[in-house]
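> One-letter residues, chain by chain:
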Amino acid sequence: MRTGLSEKTSTGGSISSSTATADEPVQLLTPEGVRIESPEYDSWVEDVAGDELLAIYQDMTVVRRFDNEATALQRQGQLGLWPPLLGQEAAQVGSARVLRQDDFVFTSYRENAVAYVRGVPLEDMTKVWRGVANSGWDPFTVNMATPAVIIGAQTLHATGYAMGCQRDGVDSVAVAYFGDGATSQGDVNEAMIFAASFKAPVVFFCQNNQWAISEPVGVQAIRPISDRAPGFGIPSIRVDGNDVLAVMAATRVALERARSGGGATFIEAVTYRMGPHTTSDDPSRYEDLGEHEEWAAKDPILRFERYLDQLGLLTDEARASVKAAADDAAKRFRAACIALPDPEPLSVFDNVYAEPHSGLERQKREFAAYLSYVEGSDR
Amino acid sequence: MRTGLSEKTSTGGSISSSTATADEPVQLLTPEGVRIESPEYDSWVEDVAGDELLAIYQDMTVVRRFDNEATALQRQGQLGLWPPLLGQEAAQVGSARVLRQDDFVFTSYRENAVAYVRGVPLEDMTKVWRGVANSGWDPFTVNMATPAVIIGAQTLHATGYAMGCQRDGVDSVAVAYFGDGATSQGDVNEAMIFAASFKAPVVFFCQNNQWAISEPVGVQAIRPISDRAPGFGIPSIRVDGNDVLAVMAATRVALERARSGGGATFIEAVTYRMGPHTTSDDPSRYEDLGEHEEWAAKDPILRFERYLDQLGLLTDEARASVKAAADDAAKRFRAACIALPDPEPLSVFDNVYAEPHSGLERQKREFAAYLSYVEGSDR
Amino acid sequence: MSELTLSKAIGAGLRRALADDDHVLLMGEDIGELGGVFRVTDGLKHEFGAERVVDTPLAESGIVGTAIGLAFRGYRAVCEIQFDGFIYPAFDQIVAQVAKLHARTQGAVRVPLTLRVPYGGAIGSVEHHSESPEAYFAHTAGLRVVSPSNPQDAYDMIRQAIASDDPVMYFEPKRRYWSKGEVDLEHIPMPLDKARVVREGTDVTLIAYGPLVATALDAAAAATDEGLSVEVIDLRSLAPIDFDTVEDSVNKTGRVVIVHEAAQFGGLGAEIAATITDRCFYRLEAPPQRVTGFNVPYPPAKLEEHFVPDLDRMLDAVDRVMGRENSLTGWVAR
Amino acid sequence: MSELTLSKAIGAGLRRALADDDHVLLMGEDIGELGGVFRVTDGLKHEFGAERVVDTPLAESGIVGTAIGLAFRGYRAVCEIQFDGFIYPAFDQIVAQVAKLHARTQGAVRVPLTLRVPYGGAIGSVEHHSESPEAYFAHTAGLRVVSPSNPQDAYDMIRQAIASDDPVMYFEPKRRYWSKGEVDLEHIPMPLDKARVVREGTDVTLIAYGPLVATALDAAAAATDEGLSVEVIDLRSLAPIDFDTVEDSVNKTGRVVIVHEAAQFGGLGAEIAATITDRCFYRLEAPPQRVTGFNVPYPPAKLEEHFVPDLDRMLDAVDRVMGRENSLTGWVAR
Ligand SMILES: Cc1ncc(C[n+]2csc(CCOP(=O)(O)OP(=O)(O)O)c2C)c(N)n1
Ligand SMILES: Cc1ncc(C[n+]2csc(CCOP(=O)(O)OP(=O)(O)O)c2C)c(N)n1
Ligand SMILES: [Mg+2]
Ligand SMILES: [Mg+2]
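Residue numbers (this note's numbering), protein chains in the order written: chain L, 5 to 383; chain U, 5 to 383; chain W, 70 to 403; chain V, 70 to 403.
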């Protein structure tokens, strides 16, 4: 059929002469661990070397070890459920490590590597899944909100927080983590609209792990997810989410823009969910094994190991100490998780309101009376 | 600051070599009524000539006359409220006239010219505003749903209807009309996502009349609204909404794509709300008079008149008959509107459910008893 | 003291809150230049600037969601929902986030949001502009729900709502926006969660809130012609409800009529009747009667006079609890 | 007759509806290849194709909104909301559109939608996965709300819900998905809006629905040890409620206990207690008692045993209405 030339399948105003190739994710490390030059992004990670590289490697290794341990604890009945982040270590560790302590992070439930980098004790991440609390930590101790289970809701919270930073005249940045599935929620789109209109210093970090439970990303988007933000007036970057260096570079570009008054940036980190959606999921019902294998070859840690090897950084001692750190973290985590105390029955009434609430106090009194009654009675 | 070349402020994959200029709305008629050549769009309106042109002129004239009459009726207390469409006649008449009877339209409250073209009796459009009914007509008699007052909600209905057309194997198209403000609602974005994923035959027709009540479009969007759809995988056209020929051409491009299995198209008709948001609004509180005057010079009917003049079509008889038609329509409308019967008290219980409802029947009985009681009693 | 309309009293309370605490900000559609469709925020943008009186994009979920983020940053956002019927797009953020964040984080996060919702009918408007959705929020643990009925309370309660560290749904009886009253801008208000006996009586307790308090007072006045002494309670707080005040009254009268505009089925009247029955069972002389909107969508303007409880329907219910001739016993020609 | 779990019975009902009417289609997240997170739609995509068992983008408002458009085109969409706590993003489309379209258009438009909502707690899950939001919808005029408690009703009621020309919220007691029962796939079911007396008794009427019917039956059985005869009513329909059946029972027993998982304040128990008090006032021996979830957000799994009404709390309420020793009178050491 005839279509008008002035019809748009692009949002125009491109700063790139080669938008056609822009769908190729930014990559600094090949799956083989070969560092490729990037005139545009190299400068953003030129300081990342030596011990820093080993620290990144250790973070990713510890997190994977912890993640597997949590899965094991679930199998053993110590956790009700667990959402593994297997395969997404680079996207999460890379982006989280370049944040400042005074930045504030709003995530979904799978961002446990982000929480680790922010300093959340590992066992705290499992409180929710063990059923001892509705969320695991005090957001203000680590400047990271506890996970939003309602898909997409946190993107608006991040945008609002960023609006607060603007009003306070600080250059702190709010970062919203969410998945590919989340991009279909109205809230995520409204967040981009508010962020654009108010030029809010927020980074939208989308981990496109190719799946929303059993639905492939194609159900949510027929074009790269990174294509959406520009139409709202928010520049976007599509980055190889299994390339920790590229993720760090892209995140720094976004943070720098936000701090310097340039507003929001949308990052699509292209990665893969190597595990099940949660421990109660069964990917064999919907996942293509070939695809799984392809992505296994792009493993973010393996890739980084190869890179460190080539740099000669991965000495036996280095390997050993990283392994020791991971084993130790997992061991301490397991013990601490199992030791998490159960909440007191009457705590069910706590913190529903910040101020006294007549209706609730009466209900609490009656339940307290009931508890002592059933203890006392011989029914 | 440094930015990466592969960073995207465009969604790429443009079919246009000159996306930078694509923000210029498609125009076939200058404000002076001069027809300008357009290799891309001329063919879409080559059949529009002679009587057809006069019919378009008459539609726009009748609608404006009716719209003014409705405003007058509101001032006279015959209507509780009225949302004038003054200035948007070309966008509405042009797009509606190229639809097929078997297409289905979902609109907001201001699309009364669309309703007129669909064949809705003028007085029916005022039932809601006169308070005699919660909506004015049977959608299936004209294949147009009654207006959605909840901003944006109807865009999802249109998308769902289009999904139904796909299943029925027909080439009917669903058309969603909405405003610039509506584009901020999650629903409108979800509608684009569903339409893209299911390649639904729907046309998103956005009338950007520059205002959402008192908020300029800049509060909703910092880039042309037509820039958004491509990121979702939906081609868009930005058209001069005060140029009835351009609107017809653009709408035909979209309809043709939908009918031939090409899926959705997003049209941004750039126009201006020349009247108040509603009769209870006071634009003097927020509107810039200079801007208003600029747009007055771009009036859609004036422009078309000039064009017809140049074609020598606007003979005195033609003018006279159009004026007569408008006066007659207005006269009959006024009489019919004032004659709209008030609903019966007990009808408040009608059609809440399609099937008998025990709870409601009891309440209805009691209220009936109450009504006869108060009639009978001397309280 | 100065005489103000209810809407101006809210505006005065907002101005005071903005002046007293620079972490208070207003968000909503058309609240800036326009001053809101009801002019409640008239002039506030010019006085406090666009950073504190924020015209937002047209998205209620976005308004509430970003207000939550601002709360994380220590701000107290007052969100205006333009009309009752437009609050539903924000329902998820309100019910799943605003209401639960404090409990979810074991008290670490406070969400001192205030949501202003013009509500109720009898203003001759179209669909979605006359609803009474308060029961949805009163049933939602974690929220406080209040509704003033007069200018003084409107002024006091909006300030208390904003000052509260809990999220407060502040329902504005839009039909009473233009009713005037003396407002003391300096006095110490009564607690936000306490009800007020606005007229003393001994025969029947008539419980109302928001827009129907005025109607209830008229009904009580009219009842005196029939030799009836009706006590009228203005609940003010809908969640929690001050049942101690209600209980005292019912223990005195033994008869109860509850009125609200929302549909009866599952409305607040049910909770009030059920709790009164539980607490005053042996004192009740008749079953509590509810005079409410019908279980139907809000009707077109020409029918709303029948839908919205009026003086006559309230008196008919009073007759029912008094065991007098009423619409259900039928009318006996004199 | 064949023995099925409650979830399989729903699946059988869906299969039957898809087979009988080609305008029926299913929409939801993960209902296709995966068969839903609870496998209720297991196999249906392969049997009926992706056009009729539709995996949708992750947006509840989008699911319900497009389902409405499909209704305009004559389709009967059955939307699965993955968990109770995820229905709120669709609240606007449900309350402002689904519920009101038929009345808005004076009957011209029918919205024969069915919304399947797995609800309720006691499954050891995390926040947002154990809620009971039924009262929100029961209070919304234009919707029908039902909840089955056993496989046979699950099968019959899902078919009736889909066949109904009214929108029906079909709340699935997810905690009972795995409970088995004989299901007759061919019999003529009782009307969708009728309640059922599932156990006859003379001393107390115990009213339950959905997930707590089984618990109520256990409580009734246990009560016999104390020489009490408890009648148990399974409401099945929550809007409308079959108060005639309830009234008959209460006129017999004079005592009522109502149980549900949702928070007590403004919950359905309030409507039930209020209406019973109105209709059976002179027959009531004690105020109706409600045993419900507390007025708090659903607690973490380790606390849910206290939150979700159990047999002991039900029996304690039975003791209260019987005037026996109970938790409020306190325990007297023997
Ligand atoms: C509003 C809402 N709807 C549905 C769900 C159920 N749900 C939980 S996770 C999930 C998929 C999310 O996919 P994605 O956003 O890609 O994140 P990922 O799990 O891949 O990290 C769904 C549908 C939910 N939590 N919230
Ligand atoms: C969900 C919702 N929020 C708010 C409103 C109140 N409202 C009615 S019209 C309007 C502005 C709409 O602007 P736009 O979409 O541009 O349409 P226009 O009036 O310009 O035709 C607003 C905010 C509404 N009707 N629905
Ligand atoms: Mg994903
Ligand atoms: Mg507009």
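Hints may be right or wrong, so weigh each one.
[Stated by the list, open to error] As a list, the in silico DSSO-like pairs of lysine-lysine whose alpha-carbon atoms are at most 27 angstroms apart:
id	chain 1	residue 1	chain 2	residue 2
1	W	K263	W	K249
2	W	K321	W	K263
3	W	K249	W	K114
4	V	K249	V	K263
5	W	K114	L	K203
6	V	K249	V	K114
7	U	K368	W	K371
8	W	K263	L	K368
9	L	K368	V	K371
10	L	K335	V	K263
11	V	K263	V	K321
12	U	K368	V	K114
13	U	K203	V	K321
14	W	K371	U	K335
Since the hints were made in silico from the structure, they are not lab data.
> State for each hint whether it applies.
Here's how the hints hold up against the structure:
| no. | hint | in the structure |
| --- | --- | --- |
| 1 | K263(W) to K249(W) | holds (23 angstroms) |
| 2 | K321(W) to K263(W) | holds (19 angstroms) |
| 3 | K249(W) to K114(W) | holds (24 angstroms) |
| 4 | K249(V) to K263(V) | holds (23 angstroms) |
| 5 | K114(W) to K203(L) | holds (20 angstroms) |
| 6 | K249(V) to K114(V) | holds (24 angstroms) |
| 7 | K368(U) to K371(W) | holds (18 angstroms) |
| 8 | K263(W) to K368(L) | holds (20 angstroms) |
| 9 | K368(L) to K371(V) | holds (18 angstroms) |
| 10 | K335(L) to K263(V) | violated (57 angstroms) |
| 11 | K263(V) to K321(V) | holds (19 angstroms) |
| 12 | K368(U) to K114(V) | violated (44 angstroms) |
| 13 | K203(U) to K321(V) | violated (60 angstroms) |
| 14 | K371(W) to K335(U) | holds (24 angstroms) |
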